[in-house]
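If you're matching them up, the sequences are chains R and H in order.
FYI, the UniProt record's numbering numbers position 34 of the first sequence as 34, with every residue one higher than the one before it.
FYI, the UniProt record's numbering numbers position 192 of the second sequence as 192, with every residue one higher than the one before it.
No lab work stands behind these hints: they were computed from the structure.
A few of these clues could be false.
You can't tell identical chains apart in this list, so a pair holds if it fits in one copy or across any two.
[Stated by the list, open to error] The calculated DSS-like cross-link candidates involving lysine-lysine, where the alpha carbons are at most 30 angstroms apart (straight line), are:
1. 193 with 22
2. 5 with 193
3. 202 with 223
4. 235 with 31
5. 155 with 193
6. 31 with 213
7. 249 with 202
8. 218 with 18
Number of protein chains: 2
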Amino acid sequence: MVLEKLILDGIAVANTVKEHVKERVEYLKSKDIRPCLATILVGNDPSSATYVKMKGNECERLGILSKRIHLPEETTTEELVACIIELNHSTDIDGILLQHPVPSHIDERAAFEAISIEKDVDGVTSQGFGQLAFGFSDYPCCTPAAIMQIIEHYKIPVEGKHAVVIGRSPILGKPVSLMLLNKNATVTTCHSKTVDLPSIVKQADIVVAAVGKPNFVKGDWIKDGAVILDAGYNKGNIGDVDYEECFNKARAITPVPGGVGPVTISMLLKHTVDSAEKREK
Amino acid sequence: MVLEKLILDGIAVANTVKEHVKERVEYLKSKDIRPCLATILVGNDPSSATYVKMKGNECERLGILSKRIHLPEETTTEELVACIIELNHSTDIDGILLQHPVPSHIDERAAFEAISIEKDVDGVTSQGFGQLAFGFSDYPCCTPAAIMQIIEHYKIPVEGKHAVVIGRSPILGKPVSLMLLNKNATVTTCHSKTVDLPSIVKQADIVVAAVGKPNFVKGDWIKDGAVILDAGYNKGNIGDVDYEECFNKARAITPVPGGVGPVTISMLLKHTVDSAEKREK
C-alpha cells in the first residue's frame, strides 16, 4: 500500500475497536456476564478526574460496568495497596485502572505492582511489561498498544524501518520501543540525556513522541516522509509534536486531540472485555 | 578518567566479583547457611554440558553447593516444568539455572517462566525482565549484568552515549538494551531485519554484539574510539566481533574468550549468594 499524506484519525480507529468490543459485551450479557472495570482516582487533580471520568463513561456507553473509586488526597500507599488487593479478590471486577499520576507522597510503583496480572488491563505492572517485551502479554500497556493499533489500522510498514522513540517511561516509551522492536523495526530510544536529539530523530522513518512537553518535536527534526505518532497530551490539548511544522514533512501524522488518546481508551475497554471473557471458561 | 586503548579483561572483573562472593559465602557458612545453585541440563548437547559443568565447578570452588540435575533428551515440557516446580519449593535451593538451549521439542519459554522469581538468579523470567526494565530487579539477567559490570569496573562513560545493541534475544539483546537505557545511554537495538546495519553501528559510542554469528561485526563498521562488548561465544571460542579488525578502531574491547563469559558466571554466583542471604531474614 502506498501512503499519501495522511492524518491518522484516532477517532476512526477507536470506533472500529469499540464496535467490536460492543458486540462482545452484548454476547457476554447474553451469558449473564457483565464486564466491569474498576477505576481508582486518588486526590483532586482536575485533569486526572477528567480522564478517569471519561474512561468510566466510555465503559458505560459500551455496556461495561464502571466501578468508580475516589480516594482522598491523603490516602497512604498502604491504604491504596489494600484497596487494590480487595479489587484483585473481587470476582465482579475484570480490570483495575489506577489513574496516573497519584499524589507524590504515594509510592506509585508499589501501587501499580499490587494489581494482579489477571486484572492489569492497563498494562502497568512490571510483570505485564516483561510479557509484552517477550511478546505474550494478554494486556499490553494501553497507550503503546494504541500506537500499534493505529499503525496496524493504517497498514504502516514497520519491519526494517528505523523507529525513534522520544521518552522512556515505564508505561509509554519503554513498552512502545519493545513493541516496535517485536514488529521488526530497528528502534532507538531517546530521552532527556540524549545528545543531539534532532539529528537522531532526523534518521527516523517512524517517530514516536512520548516526552510530555508541548510542541517539543520541531519540523526541521523530521525526515521527509516520516510517520509521526504523537502520544503527548499536554495542557490545552497540545501534543508533544509541533503539528503545524511537522505536518509538512510527514507522510502521516496523528493529530492532538483525536489521535492516540481515543485509541488508548478503546484499548482499555478491549482489554477489560478480554478479561471478562475468561470468566466464561 | 581518560581511557587509553584497553583490553577489557573479563577474568580480572570476574575475579573481583568472585572474591567478594567468597567472603559472603564464608560468612553465611558461619551462620550455618550453605548457598546452593541447582543447574538443570536437558539432553546431551556437548557445549551445554560443558557450560553447565563449568558453572557447577565454579560454585564449588567458592563454597556454593551445586545440585546438578541432568534430564534425558526425551524429557517433555511438563516433566521439566514439574522438576522446576519441585526446586522452587525446596528450601535448600537458592537459585535455579536452566541451561539454554533446551532440546527443540521443549517449550523453553514455558520452562523459564516456571522458575519462581525468588530463585530466578539467571534472570530469565519475563517477570525478572520487567523488574530489570523498571530498574528494581534482584537478579538481572546474567550476561547483560556481566556487560554492565565490565562497564562499571572500567568506568566506561555511558550517560548520553549512543549504544548500539546487535541482537534482541530475551536473555541478552533486550535486557542489555534496557540496562544501558537505564544508565542514560541513547540505545538503538538492531537485529536480522535491520537495514544497513553497518551505518547504524558506525554511529555507536558503545557496541554490544549479541548476535551469535562468528566474526560478524567488521572493523569498518566501527567508529574510531568506540567501546566494544562482545557477548558472542561461537564454536571454537570465536566472538561475534572480528577482533583483529575491530581492535584497531576501538578504544576498548572485550576479548573472546576471557571477556564477557567469565563475568557472566560470576554474576550467577553473586545472585545465588544474594538469594541465600535472604534466608537469614
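Going through the hints against the structure:
1. When the C-alpha separation of residue 193 and residue 22 is checked against a cutoff of 30 angstroms, the pair qualifies neither within a copy, at 43 angstroms, nor between copies, at 38 angstroms.
2. For a Cα distance limit of 30 angstroms, the shortest separation of residue 5 from residue 193 across copies, 26 angstroms, qualifies, whereas the shortest one inside one copy, 32 angstroms, does not.
3. With identical chains, the CA atoms of residue 202 and residue 223 are at most 30 angstroms apart both within one copy (5 angstroms) and between copies (20 angstroms).
4. Taking the closest pair of Cα atoms, residue 235 and residue 31 never come within 30 angstroms of each other, the shortest separation being 43 angstroms inside a single copy and 58 angstroms across copies.
5. Proximity of residue 155 to residue 193 under the C-alpha cut-off of 30 angstroms is restricted to the inter-copy arrangement: shortest distance 18 angstroms between copies versus 33 angstroms within a copy.
6. Within a single copy, residue 31 and residue 213 get their C-alpha atoms no closer than 46 angstroms, and across copies no closer than 54 angstroms, so neither meets the 30 angstroms cut-off.
7. With identical chains, the CA atoms of residue 249 and residue 202 are at most 30 angstroms apart both within one copy (11 angstroms) and between copies (26 angstroms).
8. In this assembly of identical chains, the alpha carbons of residue 218 and residue 18 never lie at most 30 angstroms apart, being 33 angstroms within a copy and 50 angstroms across copies at closest.
Hints 1, 4, 6, 8 from the list above are not met by this structure, while the remaining hints are.
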